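Assemble the whole structure, with the sequences as input and the hints as a guide.
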Amino acid sequence: MVFIDSLGSGGAQRQLVQLAKGFQENGHEVEFLVYHDLNFFSSEVEALSIPIHLVSSNSSWKRVWKIRRFIRQGGYNVILSFLEVPNLLNVLSSLPFKNYKTYVGERSANPAIKTSFKKKLVRWPLILADGIVANSYSNVELLNSSVPFLSTSKQSVIYNSIDMSLWNPPIDYKFSAEKIQLIVAASHQYLKNASGLIQALQLLGDERERITIKWYGEESPDNSFKEALELRDELNLQSCIEFHPATREIQSVMMQADAVGLFSHYEGFPNVICEAMSLAKPVLVSNISDMPRLLGEEHPLTFNPSDPSSIAKSIKFMLSMTESELREEGQKNRSLAEMHFDKTQVVRQYLDLMQS
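Its first residue numbered 1, the sequence shown is counted upward by one per residue in this note's numbering.
Derived by calculation from the structure, the hints in this document are not laboratory data.
Careful, some of the hints might be misleading.
To be verified - Straight-line Cα separation of at most 27 Å, DSS-like style, residue types lysine-lysine; simulated pairs:
#, residue 1, residue 2
1, Lys154, Lys101
2, Lys98, Lys154
3, Lys62, Lys98
4, Lys226, Lys214
5, Lys179, Lys316
6, Lys316, Lys214
7, Lys119, Lys62
8, Lys332, Lys316
9, Lys154, Lys114
Unchecked claim - Each pair of labels, with its calculated beta carbon distance range:
#, residue 1, residue 2, range
10, Arg69, Ser116, 27 to 35 Å
11, Lys114, Glu297, 18 to 26 Å
12, Ser165, Glu230, 39 to 47 Å
13, Gln181, Gly75, 49 to 57 Å
14, Ser153, His53, 25 to 33 Å
15, Ser156, Gly74, 23 to 31 Å
16, Asn144, His36, 29 to 37 Å
17, Asn223, His53, 32 to 40 Å
Since the structure is predicted, the reported quantities are computational estimates derived from the model, not experimental observations.
Ideal Cβ placement from N, Cα and C applies to all residues, glycine included.
Below, the structure written as structure tokens:
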């Protein structure tokens with residue numbers, strides 16, 4: 001069984017749905033357990049006849065006990081959970097004993113894990129899991145720095161899964177070195193750093209006329225989107241950066257772009273960059289998570305997200321690239337994606353781990 005908070009539109013949900021499909025394709029019976037009734041991916045799961053169990057309650061404590069009872073009475077061989085609260089519920093439900101295996105996916109890169117007692121506390125029980133799977137080496141380092149007594153023998157790193165047959169590079173796409181179109185697919189939160197990007201565009205001077213950025217993403221309860229709009233308009237950068245609602249057609253949008261960007265202050269391991277690399281697109285990305293490990297420590301298209309001048313320097317480098325250099329960069333990314341993100345390989349890594 002795979003366990004997560006909901007089947008909403010998040011990256012962790014998308015990854016778990018992909019894994020569930022892969023497990024089923026390998027002949028395993030799969031079921032979903034969720035406790036919030038959000039259904040972005042529900043139709044995709046139901047189309048595969050994978051059962052979805054919603055265990056909910058208005059009372060948090062009742063929900064905890066209902067989930068525990070459901071897990072212990074389910075007769076499952078393995079339970080794989082993603083995200084902080086499901087991971088905690090997964091391992092606590094195994095007490096005082098169990099006759100199944102528990103695996104948890106550690107995907108958070110929130111720096112508060114190092115300093116927040118609450119975030120440390122919810123990770124201490126992970127010692128009860130049979131395995132802890134991170135989706136980046138930087139996540140493992142962060143986890144070990146905050147909870148140093150976790151057994152390293154239980155820890156694994158498995159990158160995100162991409163179906164390479166679906167995320168094929170567009171045939172004969174013509175890169176435009178004259179005016180680059182760059183896509184950002186990210187929700188509007190302070191950590192996604194729209195304001196830092198806008199400040200970097202201001203530093204570019206006349207060179208910014210050679211790039212158009214289209215940002216697709218949902219608004220969040222904070223004021224980050226409002227502040228980004230105000231800053232853009234104050235600096236008269238409307239022709240350089242556009243904001244659009246989130247779209248289900250993001251693959252099609254990325255296929256028609258010259259490059260894909262991500263300007264976050266931190267990420268676990270960004271799905272959108274995995275997808276962009278699979279489409280053979282150059283990526284302009286913060287030097288966070290495993291990006292330096294994957295792309296190279298001093299890659300000119302990676303930058304310090306806290307420094308607008310660093311962002312501007314990487315944008316300038318991209319603007320200096322010829323059409324053939326953009327194409328070559330994209331092809332390198334596709335090769336890296338095939339090596340690290342291929343769904344068949346990733347699913348096999350999970351199955352080998354859970355069957356060991």
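Going through the hints against the structure:
1. Lys154 to Lys101: With a Cα-Cα distance of about 12 Å, the restraint between Lys154 and Lys101 holds, given a limit of 27 Å.
2. Lys98 to Lys154: With Cα atoms ~17 Å apart, Lys98 and Lys154 stay inside 27 Å; holds.
3. Lys62 to Lys98: The hint holds at about 21 Å.
4. Lys226 to Lys214: holds (16 Å)
5. Lys179 to Lys316: Given pair Lys179, Lys316 holds - Cα atoms ~12 Å apart, limit 27 Å.
6. Lys316 to Lys214: With a Cα-Cα distance of about 17 Å, the restraint between Lys316 and Lys214 holds, given a limit of 27 Å.
7. Lys119 to Lys62: Holds. Lys119 to Lys62 sits at ~22 Å (cutoff 27 Å).
8. Lys332 to Lys316: holds (20 Å)
9. Lys154 to Lys114: Roughly 20 Å between the alpha carbons, so the hint for Lys154 and Lys114 holds.
10. Arg69 to Ser116: 27 to 35 Å: Distance hint for Arg69, Ser116 holds at roughly 30 Å.
11. Lys114 to Glu297: 18 to 26 Å: holds (22 Å)
12. Ser165 to Glu230: 39 to 47 Å: Distance hint for Ser165, Glu230 holds at roughly 43 Å.
13. Gln181 to Gly75: 49 to 57 Å: holds (52 Å)
14. Ser153 to His53: 25 to 33 Å: holds (32 Å)
15. Ser156 to Gly74: 23 to 31 Å: holds (24 Å)
16. Asn144 to His36: 29 to 37 Å: holds (30 Å)
17. Asn223 to His53: 32 to 40 Å: holds (37 Å)
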